[in-house]
Amino acid sequence: MTKAELVDKIAKDACITKKAAETALASTTSGIRDSLKKGKKVTLVGFGTFSVARRAARNGRNPQTGDVIKIKAAKTPRFRAGKALKDAVR
1 MTKAELVDKI AKDACITKKA AETALASTTS GIRDSLKKGK KVTLVGFGTF
51 SVARRAARNG RNPQTGDVIK IKAAKTPRFR AGKALKDAVR
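Going letter by letter, the sequence shown gives residues 1 to 90 in the numbering used here.
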């Protein structure tokens, strides 16, 4: 499903305009993004939890030359599906 298809579904299900649905979706995604930037978790009960995980520094290899390179530590977003979402997919 694309963003446009999701906006259409939100508009149809909530009986609102596509513009209002697009604004609601943009607000939701920016709210999740802002919370993750601050290092906070976002939990949507029944759907899942968005969080930030730290990846440790490690050594890797340049695939062209085979040389060992150092890969810096990084923060990465994670999503863990909730029980209701897992059950719906099964």
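No lab work stands behind these hints, which were simulated from the structure alone. For each residue, glycine too, the CB sits at the ideal point set by N, CA and C. Accuracy of the hints is not assured; some may be wrong.
Claimed, not checked - List of simulated lysine-lysine pairs, BS3-like, C-alpha gap at most 25 Å:
{"#": "1", "residue 1": "Lys86", "residue 2": "Lys3"}
{"#": "2", "residue 1": "Lys9", "residue 2": "Lys86"}
{"#": "3", "residue 1": "Lys72", "residue 2": "Lys41"}
{"#": "4", "residue 1": "Lys75", "residue 2": "Lys41"}
{"#": "5", "residue 1": "Lys40", "residue 2": "Lys83"}
{"#": "6", "residue 1": "Lys40", "residue 2": "Lys72"}
{"#": "7", "residue 1": "Lys3", "residue 2": "Lys18"}
{"#": "8", "residue 1": "Lys83", "residue 2": "Lys41"}
{"#": "9", "residue 1": "Lys37", "residue 2": "Lys72"}
{"#": "10", "residue 1": "Lys83", "residue 2": "Lys9"}
{"#": "11", "residue 1": "Lys18", "residue 2": "Lys40"}
{"#": "12", "residue 1": "Lys38", "residue 2": "Lys72"}
{"#": "13", "residue 1": "Lys9", "residue 2": "Lys19"}
{"#": "14", "residue 1": "Lys86", "residue 2": "Lys40"}
{"#": "15", "residue 1": "Lys3", "residue 2": "Lys41"}
{"#": "16", "residue 1": "Lys38", "residue 2": "Lys9"}
{"#": "17", "residue 1": "Lys37", "residue 2": "Lys3"}
{"#": "18", "residue 1": "Lys70", "residue 2": "Lys41"}
{"#": "19", "residue 1": "Lys75", "residue 2": "Lys40"}
{"#": "20", "residue 1": "Lys9", "residue 2": "Lys37"}
Unchecked claim - Derived CB-CB ranges, DEER-like:
{"#": "21", "residue 1": "Ser35", "residue 2": "Pro63", "range": "32 to 42 Å"}
{"#": "22", "residue 1": "Ala84", "residue 2": "Arg54", "range": "24 to 34 Å"}
{"#": "23", "residue 1": "Ala14", "residue 2": "Arg54", "range": "32 to 42 Å"}
{"#": "24", "residue 1": "Arg58", "residue 2": "Ala14", "range": "40 to 50 Å"}
{"#": "25", "residue 1": "Cys15", "residue 2": "Ser35", "range": "25 to 35 Å"}
{"#": "26", "residue 1": "Leu25", "residue 2": "Gly46", "range": "11 to 21 Å"}
{"#": "27", "residue 1": "Lys38", "residue 2": "Pro63", "range": "17 to 27 Å"}
{"#": "28", "residue 1": "Asp34", "residue 2": "Arg58", "range": "26 to 36 Å"}
{"#": "29", "residue 1": "Asp8", "residue 2": "Gly31", "range": "16 to 26 Å"}
{"#": "30", "residue 1": "Arg33", "residue 2": "Lys86", "range": "18 to 28 Å"}
{"#": "31", "residue 1": "Cys15", "residue 2": "Arg55", "range": "40 to 50 Å"}
{"#": "32", "residue 1": "Lys9", "residue 2": "Asn62", "range": "20 to 30 Å"}
{"#": "33", "residue 1": "Lys70", "residue 2": "Lys9", "range": "41 to 51 Å"}
Status of each hint after checking the structure:
Pair hint Lys86 plus Lys3 holds up; C-alpha atoms about 22 Å apart against a cutoff of 25 Å. For the suggested pair Lys9 and Lys86, the alpha carbons sit about 21 Å apart, so the restraint of at most 25 Å is met. Between Lys72 and Lys41, the direct Cα distance comes to roughly 23 Å. Compliance with the 25 Å bound is thereby established for this hinted pair. The straight-line distance between the Cα atoms of Lys75 and Lys41 is roughly 13 Å, inside the 25 Å bound, and the hint therefore holds.
Between Lys40 and Lys83 the alpha-carbon distance is near 21 Å, which keeps this suggested pair within the 25 Å criterion. Taken as a hint, the Lys40 and Lys72 pair is honoured in the structure, with Cα atoms around 22 Å apart against an allowance of 25 Å. A hinted pair counts as satisfied when its Cα atoms are at most 25 Å apart, and Lys3 with Lys18 qualifies at roughly 12 Å. A threshold of 25 Å between alpha carbons decides the hint, and for Lys83 with Lys41 the separation of about 17 Å falls inside it, so the pair holds.
For the hint pairing Lys37 with Lys72, the CA-to-CA distance comes to about 19 Å; that is within 25 Å, so the pair holds. For the hint pairing Lys83 with Lys9, the CA-to-CA distance comes to about 23 Å; that is within 25 Å, so the pair holds. At most 25 Å may separate the alpha-carbon atoms for a hinted pair to count; Lys18 and Lys40 exceed this at roughly 30 Å. For the hint linking Lys38 to Lys72, the alpha-carbon distance of about 20 Å falls within 25 Å, and the restraint holds.
A hinted pair counts as satisfied when its Cα atoms are at most 25 Å apart, and Lys9 with Lys19 qualifies at roughly 12 Å. Taking the CA atoms of Lys86 and Lys40, the gap is about 23 Å. The hint holds against a cut of 25 Å. For the proposed pair Lys3 and Lys41, the alpha carbon gap of about 23 Å is at most 25 Å, so the pair holds. A threshold of 25 Å between alpha carbons decides the hint, and for Lys38 with Lys9 the separation of about 30 Å lies outside it, so the pair is violated.
The suggested pairing of Lys37 with Lys3 holds, with an alpha-carbon distance near 22 Å, which does not exceed 25 Å. The hinted pair formed by Lys70 and Lys41 fails the criterion: a straight-line CA distance of about 29 Å is larger than 25 Å. The hinted pair formed by Lys75 and Lys40 meets the criterion: a straight-line CA distance of about 13 Å does not exceed 25 Å. Between Lys9 and Lys37 the alpha-carbon distance is near 28 Å, which puts this suggested pair outside the 25 Å criterion.
Range check, Ser35 to Pro63: Cβ separation about 36 Å, and the 32 to 42 Å hint holds. At roughly 28 Å, the beta carbons of Ala84 and Arg54 sit within the given window of 24 to 34 Å. Checked against the given bound of 32 to 42 Å, the beta carbons of Ala14 and Arg54, roughly 37 Å apart, stay inside it. The hint said 40 to 50 Å for the Cβ distance between Arg58 and Ala14, and at roughly 45 Å that hint holds.
Separated by about 29 Å at the C-beta atoms, Cys15 and Ser35 satisfy the suggested range of 25 to 35 Å. Taking the beta carbon of each, Leu25 and Gly46 are about 19 Å apart, inside 11 to 21 Å as hinted. For Lys38 paired with Pro63, a C-beta distance near 36 Å fails the hint of 17 to 27 Å. Taken as a hint, the range 26 to 36 Å holds for the pair Asp34 and Arg58, whose Cβ atoms sit roughly 29 Å apart.
The hinted range of 16 to 26 Å is satisfied by Asp8 and Gly31, whose Cβ atoms lie roughly 21 Å apart. A C-beta distance of roughly 24 Å is found between Arg33 and Lys86, which places it inside the suggested range of 18 to 28 Å. For the pair Cys15 and Arg55, the beta carbons lie near 43 Å from each other, so the given range of 40 to 50 Å is met. Checking the proposed 20 to 30 Å range against Lys9 and Asn62 shows it is violated: the Cβ atoms sit about 44 Å from each other.
Distance hint check for Lys70 and Lys9: the Cβ-Cβ separation is about 45 Å, which falls inside the suggested range of 41 to 51 Å.
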